[in-house]
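*Asks:* If you're matching them up, the sequences are chains A and B in order.
Note that this note's numbering has the first sequence beginning at 1, numbered continuously upward.
Note that this note's numbering has the second sequence beginning at 115, numbered continuously upward.
Hints listed in this document are in silico derivations from the structure and should not be mistaken for laboratory results.
Note that this is a predicted model, so its numbers are computed, not measured.
Careful, some of the hints might be misleading.
[Unchecked claim] Some chain B residues near chain A, calculated using beta-carbon distances under 7 Å:
hint: 1; residue: Y153
hint: 2; residue: G155
hint: 3; residue: P158
hint: 4; residue: L160
hint: 5; residue: N167
hint: 6; residue: F175
hint: 7; residue: T176
hint: 8; residue: L189
hint: 9; residue: G210
hint: 10; residue: N211
Cβ atoms here follow ideal geometry from the backbone N, Cα and C, with glycine treated the same way.
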Amino acid sequence: KAGVTQTPRYLIKTRGQQVTLSCSPISGHRSVSWYQQTPGQGLQFLFEYFSETQRNKGNFPGRFSGRQFSNSRSEMNVSTLELGDSALYLCASSLASGGQGGTFFGQGTRLTVV
Amino acid sequence: QKEVEQNSGPLSVPEGAIASLNCTYSDRGSQSFFWYRQYSGKSPELIMSIYSNGDKEDGRFTAQLNKASQYVSLLIRDSQPSDSATYLCAVREGAGNMLTFGGGTRLMVKP
Numbered sequence: 001k002a003g004v005t006q007t008p009r010y011l012i013k014t015r016g017q018q019v020t021l022s023c024s025p026i027s028g029h030r031s032v033s034w035y036q037q038t039p040g041q042g043l044q045f046l047f048e049y050f051s052e053t054q055r056n057k058g059n060f061p062g063r064f065s066g067r068q069f070s071n072s073r074s075e076m077n078v079s080t081l082e083l084g085d086s087a088l089y090l091c092a093s094s095l096a097s098g099g100q101g102g103t104f105f106g107q108g109t110r111l112t113v114v
Numbered sequence: 115q116k117e118v119e120q121n122s123g124p125l126s127v128p129e130g131a132i133a134s135l136n137c138t139y140s141d142r143g144s145q146s147f148f149w150y151r152q153y154s155g156k157s158p159e160l161i162m163s164i165y166s167n168g169d170k171e172d173g174r175f176t177a178q179l180n181k182a183s184q185y186v187s188l189l190i191r192d193s194q195p196s197d198s199a200t201y202l203c204a205v206r207e208g209a210g211n212m213l214t215f216g217g218g219t220r221l222m223v224k225p
């Protein structure tokens, strides 16, 4: 069974640009979450999508947005990039809504803003 | 503000010893608890989940949960150099799949 797939793996962008990251969850998983990981702040929750609806949102500015498609694939967009947005962005996949099930991470997209 | 606290380490143990990793959480509404292992430059890998008070064993790993004390721990028996990594504790409330992570404990297993 294929795991969570994120593309691209690496990105270099300039301040002020925008970026879109993609995620394909594990087959059959309907919940997709996004996290930002930095050395200073650790792993922080961005948002969760379930059945194409945003279910939870973390404490990030509106420049960070996402969406989920009918096939459960998800995209995350960051507009007006800042240097502080440089981080590892992780997509996570879960079977359904809470319950006794785990959350599994993709390999991540390493974003560098210059 | 929900918080999950871990000692950042490094925790250094000799090969073959038991490594004990600890985590405390602030939200009494938390219902699900997870341990992830993260090697340098890699993404987190789920190694244990625990949902009720007590112990749960899986191979060399044992997770322990005490909801009254808001405390979760991970024991790694017969530690191997390949266990050297950062271990992340994560907590989830009942609905949804939002995880709150601790800062991680760096474990070093010395041959």
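*Asks:* Against each hint, give a clear statement of whether it holds in the structure.
*Replies:* Consistency of the hints with the structure:
1. Y153: 12 Å, violated
2. G155: 9 Å, violated
3. P158: 5 Å, holds
4. L160: 5 Å, holds
5. N167: 15 Å, violated
6. F175: Where the cut-off is 7 Å and the nearest Cβ of chain A is about 14 Å from F175(B), the hint is violated.
7. T176: Violated. Min distance 17 Å.
8. L189: This interface hint is violated because 19 Å lies over the 7 Å limit.
9. G210: 5 Å, holds
10. N211: 4 Å, holds
Consistency with the previously given hints fails for numbers 1, 2, 5, 6, 7 and 8, ordered from lowest to highest.
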